[in-house]
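Visitor: Order-wise, the sequence lines are chains S and F. Be aware that the first sequence starts at 1370, since it is given in the numbering used here, and climbs by one per residue. Be aware that the second sequence starts at 1370, since it is given in the numbering used here, and climbs by one per residue.
Keep in mind the hints are simulated off the structure, nothing from the lab. Accuracy of the hints is not assured; some may be wrong.
To be verified - With a cut-off of at most 30 angstroms between alpha-carbon atoms, the simulated DSBU-like pairs for lysine-lysine come out as follows:
id	chain 1	residue 1	chain 2	residue 2
1	S	K1394	F	K1463
2	S	K1796	F	K1394
3	S	K1394	F	K1796
4	F	K1546	F	K1380
5	S	K1796	S	K1463
6	S	K1530	S	K1463
7	F	K1549	F	K1536
8	F	K1604	F	K1536
9	F	K1536	F	K1546
10	F	K1394	S	K1463
2 protein chains.
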Amino acid sequence: MAGTDEIFSRKGRILIRNALTLSGKRDVSIDANGSIEAVGDTLSRKYDQDADFVIDAGRLVLLPGLVNTHTHAAMTLLRGYADDMPLQDWLTQKIWPLEAHLTGDDVYWGTRLACLEMIRTGTTAFNDMYFYMEDAARAVDEAGIKAQLCYGFIDLSLPDKREQEIKATERLVSHIKSMKNPRIRPAVGPHAVYTVSPEGLRWLAGYSSEQKIGIHVHLSETEKEVNDALSQYGKRPPQILADCGILTPGTVAAHCCWLDRDDCALLGRHGTYASYNPASNMKLAVNRALPYQDLRDAGVQVALGTDGCASNNNLDLFEEMKTAALLQKYSWNSQTLLPAPEALGMATSAGAKALGFGNGRIEAGQPADLILVDRDAVCNTPLHNLASNLVYACSGGAVRTVLCQGRVLMYDREVPGEEVVLAGASKAAHALVTRAAGT
Amino acid sequence: MAGTDEIFSRKGRILIRNALTLSGKRDVSIDANGSIEAVGDTLSRKYDQDADFVIDAGRLVLLPGLVNTHTHAAMTLLRGYADDMPLQDWLTQKIWPLEAHLTGDDVYWGTRLACLEMIRTGTTAFNDMYFYMEDAARAVDEAGIKAQLCYGFIDLSLPDKREQEIKATERLVSHIKSMKNPRIRPAVGPHAVYTVSPEGLRWLAGYSSEQKIGIHVHLSETEKEVNDALSQYGKRPPQILADCGILTPGTVAAHCCWLDRDDCALLGRHGTYASYNPASNMKLAVNRALPYQDLRDAGVQVALGTDGCASNNNLDLFEEMKTAALLQKYSWNSQTLLPAPEALGMATSAGAKALGFGNGRIEAGQPADLILVDRDAVCNTPLHNLASNLVYACSGGAVRTVLCQGRVLMYDREVPGEEVVLAGASKAAHALVTRAAGT
């Protein structure tokens, strides 16, 4: 059996013994390709003999890795840069001017910091939309987690800009495909109906279909977005997307606060996933919560996302599960809406399926994207109900060990190379603010 | 200089060197009585020589200890026992039947668990209302933090019950006074206008005045409470309390969701503190957020509380600060309401003043109720704005070291005796549920 140091680097077979899962005590065997090979009450001793590393999980809870279905990862560099401002001032005076000074290197360091934060809080896959995404891909490749990455396509109805955005999209997709890293999937990223023309949307729909890749879009975040769409196109935002071919079973639509019942039905008919971002929606005061019951009634699968760190300001999906469940209850005036097991399903199985990384369940044949949570943490004491404790009491700090595709990325809270990432990201953030202040 | 083991037990002088505070780098010297003796940019070397223990805080953030102004600490034993149910079913089928089986020993262990959780998340003082409060006092005495404790007075307008509640209140106050522990203060605890008669309220007001102790009451948590008060008394709840003498500068009124502007003005005129409990209010779907702007306009000081673990389900005030700031923005449709520095003030200075434990500032003469937060945690990277990171990005897991009245209760995440508390509380919770199931 290998020592602790070796567990981070080696490829091999891992056996997780005696873990508590949502369906009882389980042993889980992971093969050398990083897939779950067997799951049982007690796997035979043969698995011990075959394993290169055995994790004694007798005091740990085993869960599927959490999946963050909407973020702008490199915005970790902007964490705390500007808050508590009116939305337009915040965007035009703070966020956009700073983003204008971003470099590919900044995006690399911001994405490394985001990956570190996600690993430390139990997230094994995320859905990202930003710029300089080749650099984001490099960061994800090195960090060891999974991501669907897209370039945020914004043409502002200008034909020249559209051509540039098309080229940027094609470049990123080719680049990611050339990496041949199964942990990293390309997607197209129509920013929103108010920033992308119907022509742009149609091109993206066709290209995603031809390339067999996903779509990541913002949808109906604010009432203004809906009203502006009605004024400009005489249609609500989901209908605009549907008419341009953007609503597909490979599409993740973020926010979805201002969907009405017909909008929900439209998403349901197209098999599109909704990504719920409660902390961001509250912080930016969007004034309506995602209509969870209507989406469920329409058969839409709802996944969870944090949004970027400028509007959250962290990437902790444990915290987000709680905010998700609380905001539904509060907004729709129901003590029973979005119970804890459904919040866990949002953050695991719905997310994994939305991004095409398996089904987010602990089953033979699924990727070994798994996290181990401290069963003796205060948040798990007492242990009347595991799902309730995970959603309502624990934060990501209760996560001890994280595996992605069978590779150990954090072991007992240790992430190799963490100091380098913290120092690199701090330095990049400081230099970015200094550059922006100098102009 | 003493070793790490000794820091937990000894009494003596402590010097905190080179900590980052909200107003810059500071050294803080603590005298042998647990008071802050001196605060400076750089204290002279004399302080090093005099100190029994020096904490190098060069990579730490120093804050006043957080203050939880409304909880039912022993309800940690009910964490996750029942959630996501309609309010009346939850209370009548789950919470009250279980509480009927509570013993003094249970309250001791539940309160020990609560104190452990508060210490681990940076809270140094709390305001508690429950039963078997002599046992809660024993737990607080042993845990080393500060509390204002009251017996939850409920007479249901029955004269016999009122006499019992009066005796229970007097017994607790005498008991706490006899302990002569300056960390533990007694208070009276009129549960609410719908559970305590005007006669009961008047007696409590007179007794608190005579004994020079505080008052802890639930106020206008739900719309039903307001409507029922109007039906029964022709007055809104704050007016009932005012007319019975319950609104004083030593009163903490919890929840305050359904206050109108006149209610806010009434609290302001009486100098009463409001305790804001956003997570509980969302989970129980009370359908209105505390009117923070109106309370501020009326000059009311607003402090922060978690409520009990059955309706939250943790005691992490870092998480609560974020929820507080987000819920105000969302509910009152304003991106600027309750900015991060004000959320920190709620959780520190407003809370300390509300409970009579100093002013919650790092100043000479104040009690050394202090916490040290990891400056190199992901949530503090990058460090553009300390207040923003603390409120919006960090959870209580970022707290490394906690001092209460100059005594070190946690040092670099180690709390002596933690395993005993976790085991004792787990055992008590399990036995409680087993007893309740057997009846």
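Visitor: Run every hint past the structure and note whether it holds.
Guide: Results for each hint:
| no. | hint | in the structure |
| --- | --- | --- |
| 1 | S:K1394 with F:K1463 | holds, 27 angstroms |
| 2 | S:K1796 with F:K1394 | holds, 20 angstroms |
| 3 | S:K1394 with F:K1796 | holds, 20 angstroms |
| 4 | F:K1546 with F:K1380 | holds, 23 angstroms |
| 5 | S:K1796 with S:K1463 | holds, 19 angstroms |
| 6 | S:K1530 with S:K1463 | holds, 24 angstroms |
| 7 | F:K1549 with F:K1536 | holds, 21 angstroms |
| 8 | F:K1604 with F:K1536 | holds, 29 angstroms |
| 9 | F:K1536 with F:K1546 | holds, 15 angstroms |
| 10 | F:K1394 with S:K1463 | holds, 27 angstroms |
Of the numbered hints given earlier, the model fails none.
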